[in-house]
Amino acid sequence: MEQLWTRFSKAFLVQNRWKMYFEGLGNTLLIALIAALIGITIGVVMAMVNYINKKTGKLKIATKICNFYITVVRGTPVVLQLMILYFVVFAFWDNGIMIGAITFGLNSGAYVAEIARAGFESVDDGQMEAGRSLGLSTWQTMRTIIIPQAVRNCLPSLFNEFIMLVKETSIVGYVGIYDLGKIPGLIQSRTFDYLFPLLIAAVLYLVVVLALTRVLHMIEKRMAKSDRNAGGATNGK
Amino acid sequence: MENNVLISVKDLSKSFGELEVLKSVSIDIKAGEKVVIIGASGSGKSTLLRCLNCLEDPTGGEIIFENENIADPHVDINIHRQKMGMVFQQFNLFNNKTVLENITLAPVMVRMQKLRRQKHLALFGKAEKPTETKAQILAEEQEKAMALLARIGLAEKAEAYPSTLSGGQKQRIAIVRALAMNPKVMLFDEPTSALDPEMVGEVLDLMKELANEGMTMAIVTHEMGFAREVADRIIFMDGGVIAEEGTPEALFGNPKNVRLQAFLAKVL
Ligand SMILES: Nc1ncnc2c1ncn2[C@@H]1O[C@H](COP(=O)(O)OP(=O)(O)OP(=O)(O)O)[C@@H](O)[C@H]1O
Ligand SMILES: [Mg+2]
Numbered sequence: 367m368e369q370l371w372t373r374f375s376k377a378f379l380v381q382n383r384w385k386m387y388f389e390g391l392g393n394t395l396l397i398a399l400i401a402a403l404i405g406i407t408i409g410v411v412m413a414m415v416n417y418i419n420k421k422t423g424k425l426k427i428a429t430k431i432c433n434f435y436i437t438v439v440r441g442t443p444v445v446l447q448l449m450i451l452y453f454v455v456f457a458f459w460d461n462g463i464m465i466g467a468i469t470f471g472l473n474s475g476a477y478v479a480e481i482a483r484a485g486f487e488s489v490d491d492g493q494m495e496a497g498r499s500l501g502l503s504t505w506q507t508m509r510t511i512i513i514p515q516a517v518r519n520c521l522p523s524l525f526n527e528f529i530m531l532v533k534e535t536s537i538v539g540y541v542g543i544y545d546l547g548k549i550p551g552l553i554q555s556r557t558f559d560y561l562f563p564l565l566i567a568a569v570l571y572l573v574v575v576l577a578l579t580r581v582l583h584m585i586e587k588r589m590a591k592s593d594r595n596a597g598g599a600t601n602g603k
Numbered sequence: 054m055e056n057n058v059l060i061s062v063k064d065l066s067k068s069f070g071e072l073e074v075l076k077s078v079s080i081d082i083k084a085g086e087k088v089v090i091i092g093a094s095g096s097g098k099s100t101l102l103r104c105l106n107c108l109e110d111p112t113g114g115e116i117i118f119e120n121e122n123i124a125d126p127h128v129d130i131n132i133h134r135q136k137m138g139m140v141f142q143q144f145n146l147f148n149n150k151t152v153l154e155n156i157t158l159a160p161v162m163v164r165m166q167k168l169r170r171q172k173h174l175a176l177f178g179k180a181e182k183p184t185e186t187k188a189q190i191l192a193e194e195q196e197k198a199m200a201l202l203a204r205i206g207l208a209e210k211a212e213a214y215p216s217t218l219s220g221g222q223k224q225r226i227a228i229v230r231a232l233a234m235n236p237k238v239m240l241f242d243e244p245t246s247a248l249d250p251e252m253v254g255e256v257l258d259l260m261k262e263l264a265n266e267g268m269t270m271a272i273v274t275h276e277m278g279f280a281r282e283v284a285d286r287i288i289f290m291d292g293g294v295i296a297e298e299g300t301p302e303a304l305f306g307n308p309k310n311v312r313l314q315a316f317l318a319k320v321l
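Read top to bottom, the protein sequences are chains A and B.
Mapped onto this note's numbering, the consecutive letters of the first sequence carry residue numbers 367 to 603.
Mapped onto this note's numbering, the consecutive letters of the second sequence carry residue numbers 54 to 321.
None of these hints come from the bench; they were simulated from the model.
Honestly, I wouldn't trust all of these hints.
Derived lysine-lysine pairs resembling BS3-like cross-links, with alpha carbons at most 30 Å apart [as the list claims (entries may be wrong)]:
hint	chain 1	residue 1	chain 2	residue 2
1	B	Lys63	B	Lys76
2	B	Lys63	A	Lys424
3	B	Lys309	A	Lys421
4	B	Lys150	A	Lys587
5	A	Lys587	B	Lys210
Listed below are several chain A residues computed to face chain B (Cβ distance under 8 Å; list not exhaustive) [said to hold, decoys possible]:
hint	residue
6	Pro443
7	Gln447
8	Gln493
9	Glu495
10	Arg498
11	Ser499
12	Leu500
13	Leu502
14	Ser503
15	Gln506
16	Thr510
17	Ile511
18	Ala590
No residue lacks a Cβ here, since even glycine has one placed at the ideal position from N, Cα and C.
Generate coordinates for the entire structure from the input sequences, incorporating the hints supplied.
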């Protein structure tokens with residue numbers, strides 16, 4: 367018992383090591399947040415290109431480029447993508463956190479594109495026709511009518527993507543970025559004890575993910591409620 | 054007088070891939086005229102109506118509106134669509150906007166666009182500096198929208214979202230949304246077909262009001278009583294061509310085309 371306490375203390379309390387976990391956690395959340403913002407932007411833009419192409423036949427080349435991007439990003443391991451960006455593309459740059467965030471943002475974009483595509487598909491065709499019949503351009507209608515409804519329709523999935531990113535970004539430690547996943551290794555190199563640092567990091571991930579999942583459920587509940595009462599923005603049929 | 058013609062359709066054709074839906078259709082719609090289009094399902098009524106404002110791109114022929122051939126892909130169709138209101142079977146109110154926003158959205162956007170363009174030109178001394186402001190435009194359009202809502206007795210629904218309204222309410226709002234653009238012509242594609250029977254009357258009444266005010270209207274409908282009462286001219290479509298046209302008295306009283314006779318026997 368005593369021995370376990372010493373091991374825990376060495377892993378967490380001695381030399382204020384607990385601070386390292388929370389700094390790591392902060393970096394993890396920062397990377398996930400920036401990555402999610404980049405990913406959602408890229409994904410929504412790509413889904414939009416796809417939608418306009420489907421509805422008007424325009425943007426053929428842009429659609430091909432998007433599909434190529436999605437194929438390549440989904441078809442290669444994210445660790446390799448990280449290494450390519452860290453050691454090659456951004457070799458001159460020493461801001462590891464930003465490079466990690468950009469990598470995961472670019473990666474996540476390819477997955478968000480699928481999510482957002484479903485969001486766009488769930489918007490009734492009549493919405494675009496109504497906008498166009500009033501003399502608005504395709505882009506004006508997209509901006510004010512279609513995109514808000516598409517994003518709203520896939521909001522839970524987009525938030526879920528953020529939760530995934532919190533966990534998945536734990537591999538940025540590979541290239542020496544100090545996120546929460548990297549901290550156990552750092553502490554083990556001082557104390558020669560892996561068990562507690564790993565357990566503590568795992569518990570922190572779990573707590574954060576559970577908390578975020580609760581937020582997700584709250585969003586879902588609110589949306590279901592507003593669909594029943596006012597502001598329902600699902601298929602208008 | 055040739056001048057009186059608002060929309061002139063010449064040899065209009067439309068195909069979806071191999072399927073030829075409209076075969077060389079020609080009609081003139083005069084200012085103030087009410088044209089009702091009838092015909093069996095699949096005869097091309099919707100396609101004809103949707104070609105009039107190029108929601109479907111015609112494959113051939115001309116549509117002359119305000120001295121311009123709007124079937125030509127080089128013309129800025131948005132400008133012309135602003136003067137052609139369209140009402141759909143499924144209402145198509147914007148789900149993410151309140152009733153008031155549904156009505157003001159397009160007029161405000163269009164006027165803001167003009168304002169920005171004028172400001173830009175003024176910057177280079179090529180136009181007068183605009184005196185309007187965004188707040189003015191917004192206030193004006195909101196006032197206009199509220200007046201339209203009051204007219205159809207739905208002023209208290211201004212802040213409601215479409216999903217909370219009945220079909221009849223939605224369709225009447227869709228009609229005044231189109232009116233807010235001050236269109237020269239209104240196109241209706243089966244405006245009452247998706248409504249519960251008890252709500253058909255309120256929508257038809259509003260349409261009759263518009264007709265009496267002299268609005269130019271092209272209406273696809275299966276409401277034969279309404280057609281008889283409101284139409285100046287009825288067009289019977291069959292297999293992508295106009296099989297017969299004439300006054301309601303002539304068409305309903307003395308139909309010549311055998312397909313029209315069969316169609317009327319079924320619907321009347
Ligand atoms: N976007 C499209 N793509 C392919 N075919 C189409 C399309 N729109 C219409 N059609 C076909 O064109 C033909 C005419 O359709 P249209 O909608 O104009 O008929 P309609 O007279 O309005 O019929 P209804 O009374 O059922 O509304 C139909 O055979 C229809 O299947
Ligand atoms: Mg139809």
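Outcome of the hint check:
Taking the CA atoms of Lys63/B and Lys76/B, the gap is about 11 Å. The hint holds against a cut of 30 Å. This hinted pair checks out: Lys63/B and Lys424/A have alpha carbons roughly 28 Å apart, not beyond 30 Å. For the proposed pair Lys309/B and Lys421/A, the alpha carbon gap of about 41 Å is over 30 Å, so the pair is violated. For the proposed pair Lys150/B and Lys587/A, the alpha carbon gap of about 21 Å is at most 30 Å, so the pair holds.
Between Lys587/A and Lys210/B the alpha-carbon distance is near 26 Å, which keeps this suggested pair within the 30 Å criterion. Given the 8 Å rule on beta carbons, the hint for Pro443/A is violated: about 39 Å separates it from the nearest Cβ of chain B. The criterion of a C-beta within 8 Å of any C-beta in chain B is not met by Gln447/A, whose closest approach is roughly 36 Å, and the hint is violated. Annotation: Gln493/A was flagged as interfacial toward chain B, and the flag holds, the nearest CB pair being 6 Å apart, inside 8 Å.
Annotation: interface hint on Glu495/A holds; nearest CB of chain B at approximately 6 Å, less than 8 Å. For Arg498/A, the interface hint holds, since its Cβ comes within 8 Å of a Cβ in chain B; the closest pair sits about 7 Å apart. Given the 8 Å rule on beta carbons, the hint for Ser499/A holds: about 4 Å separates it from the nearest Cβ of chain B. Interface restraint check for Leu500/A: the shortest CB-CB distance to chain B comes to about 4 Å, inside 8 Å, so the restraint holds.
Evaluation of the Leu502/A hint against chain B yields a held restraint, the C-beta minimum of about 6 Å falling below 8 Å. With a cut of 8 Å, the hint placing Ser503/A at the interface with chain B holds, because the nearest CB-to-CB distance is about 6 Å. Look at Gln506/A: its Cβ gets to within about 6 Å of chain B, closer than 8 Å, so that hint holds up. The beta carbon of Thr510/A comes within 6 Å of a beta carbon in chain B, closer than 8 Å, and the hint placing it at the interface holds.
For Ile511/A, the interface hint holds, since its Cβ comes within 8 Å of a Cβ in chain B; the closest pair sits about 5 Å apart. Proximity of Ala590/A to chain B is violated relative to the hint, the smallest CB-CB distance being about 13 Å (cut-off 8 Å).
Checked against the numbered hints given earlier, this structure breaks hints 3, 6, 7 and 18; the rest are met.
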